[in-house]
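K.L.:
Chain by chain, the residues:
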Amino acid sequence: MASLRVVIFAILSLFVIALPALAQNSTEDLVRRMAIDVTAEVRKNPDLAQSQTQLAALVERRLMPHFNFERITKLAMGRNWSKASPAEQRQIVSEFSKLLVRTYSNALASLKDLDVQVRDSRKNGNDVTVRTQMIGRAKPVSIDYSLESAGGSWRVYDVTVEGLSLVTTYRDDFNGMISSSGVEGLIAMLKQKNGK
Amino acid sequence: MKSSRAAVLATALFASINVSALAQEQQVNDPIEPINRGIFAFNELLDTILIKPIVVTYNTVLPKPVRAGITNVFSNLDDVFISANHVLQGRGKDAGTSFGRVLVNSTIGLGGLIDIASMNGLQKGEGDFGQTLGVWGVDAGPYIVLPVLGPSNARDTIGRAARIASDPRTYMPNAWSYSLTGLEYIQLRADNVDNAKMVDSFSLDKYNFSRSIYMQRRNSLVTSGKEASSSP
Numbered sequence: 110m111a112s113l114r115v116v117i118f119a120i121l122s123l124f125v126i127a128l129p130a131l132a133q134n135s136t137e138d139l140v141r142r143m144a145i146d147v148t149a150e151v152r153k154n155p156d157l158a159q160s161q162t163q164l165a166a167l168v169e170r171r172l173m174p175h176f177n178f179e180r181i182t183k184l185a186m187g188r189n190w191s192k193a194s195p196a197e198q199r200q201i202v203s204e205f206s207k208l209l210v211r212t213y214s215n216a217l218a219s220l221k222d223l224d225v226q227v228r229d230s231r232k233n234g235n236d237v238t239v240r241t242q243m244i245g246r247a248k249p250v251s252i253d254y255s256l257e258s259a260g261g262s263w264r265v266y267d268v269t270v271e272g273l274s275l276v277t278t279y280r281d282d283f284n285g286m287i288s289s290s291g292v293e294g295l296i297a298m299l300k301q302k303n304g305k
Numbered sequence: 068m069k070s071s072r073a074a075v076l077a078t079a080l081f082a083s084i085n086v087s088a089l090a091q092e093q094q095v096n097d098p099i100e101p102i103n104r105g106i107f108a109f110n111e112l113l114d115t116i117l118i119k120p121i122v123v124t125y126n127t128v129l130p131k132p133v134r135a136g137i138t139n140v141f142s143n144l145d146d147v148f149i150s151a152n153h154v155l156q157g158r159g160k161d162a163g164t165s166f167g168r169v170l171v172n173s174t175i176g177l178g179g180l181i182d183i184a185s186m187n188g189l190q191k192g193e194g195d196f197g198q199t200l201g202v203w204g205v206d207a208g209p210y211i212v213l214p215v216l217g218p219s220n221a222r223d224t225i226g227r228a229a230r231i232a233s234d235p236r237t238y239m240p241n242a243w244s245y246s247l248t249g250l251e252y253i254q255l256r257a258d259n260v261d262n263a264k265m266v267d268s269f270s271l272d273k274y275n276f277s278r279s280i281y282m283q284r285r286n287s288l289v290t291s292g293k294e295a296s297s298s299p
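Just so you know, the protein sequences line up as chains A and B, in that order. Residues in the first sequence are numbered consecutively from 110, following my numbering. Residues in the second sequence are numbered consecutively from 68, following my numbering.
Extracted from the complex, chain A is given alone in its bound form (with noise of 0.2 Å):
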């Protein structure tokens, strides 16, 4: 009895010490897929750079699955978040994704020629950061990626270039907009930079 308490300890303690290690590894494996496949794709596919609708189809099907766009917006969103009413919160939550998702994909075609490095990825809690490295250009861009663990899989809440936080920008964005014309103004925004 003892002794199959303390195998079961054992393979308790081995799930704790190895799944931290899982956990950074498919992470980083997460954040290469995101990465270099899709620019790699758009590089294979000259046909594909040149299409809009075709690039932001692609960044829909491989990269926002394992993007968090509700946390992301509440994050960006802050104390003003409790502000908008759920109808709201909904509205600027799908708005905000979609502007994001078209901005993205019309900057991809430009960064195709880049190679992304994995740099390494640090545990702290329930969250991981991968740092990555885009090369090619006259100075490597340092992209990190923060990724938070959710019902079991990992996704995407903010993303660091050269030490600029979308999160942050947009916090200082929205904030700025809502304080003006308040959370109709800030979905009326989003609604006219996605060409409605």
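Source of the hints: derived by calculation from the structure; they are not laboratory data. Check before you lean on any hint, since a few could be wrong.
[Stated by the list, open to error] Coverage of chain B stretches by chain A, computed from C-beta distances (three or more under 8 Å per stretch; other residues unrestricted): (1) 179-191; (2) 256-269; (3) 277-289.
Cβ atoms here follow ideal geometry from the backbone N, Cα and C, with glycine treated the same way.
Since the structure of chain A is provided, determine the placement of chain B on it from the hints.
P.N.:
Leaving out everything else, chain B in the frame of chain A:
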């Protein structure tokens, strides 16, 4: 007993997460925002009616290799200042790399025309007087939009003045000084066409967006400068 301890722990964890999230939501230091917005609008207008058309002409008249050469020559001059600032920040290794770049590019690189150093693993670093002041502990101070030059803050404006005072172009005859500075400005704008477009399409309010980007970028440069100066 155990579950209550877990609850306390969980609460403490969440509390600390919330506190750090709140701490990130600091007020932006922009007391002269109305004036800054005015200057920002002026800069935008200047960019639309004057700078962008010049950049378009510039890109058509000069072939790409010539433009790349111009970028490299100014970048080489900048490396002199980068290495000086690495010294001032106590970053021995980075100072060596930056100074090595100047040596290699000024000689084998034909006076800076070709960035031979980058091709040989001497990667371009980052350093300026504003960053040095930050590494020394000077606060960024309020956000300031400079006419023509764009986003800055109190600390970086002093840094810029130091750069101008120590730049050899300042002591050249006026015609040279102005044309070289103008050339650098146009080439810089040409090199940043993609970035400017990105800001246009990503931002809701371009003023807030640029301010956020500028402040974050400068903070991150000061942080990395501090890290590099404390590690041997």
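K.L.:
Each hint: holds or not?
P.N.:
Going through the hints against the structure:
1. Here's how the segment 179-191 of chain B fares: 4 of its residues keep a CB closer than 8 Å to some CB of chain A, so the rule of at least three is met and the hint holds.
2. For a cut-off of 8 Å, the count of residues in the segment 256-269 of chain B with a CB near a CB of chain A stands at 4, and the three-residue condition holds.
3. By the rule of at least three residues with a Cβ nearer than 8 Å to a Cβ of chain A, the coverage given for the segment 277-289 of chain B holds, with 8 such residues.
When held up to the earlier numbered hints, the structure conflicts with none and fits them all.
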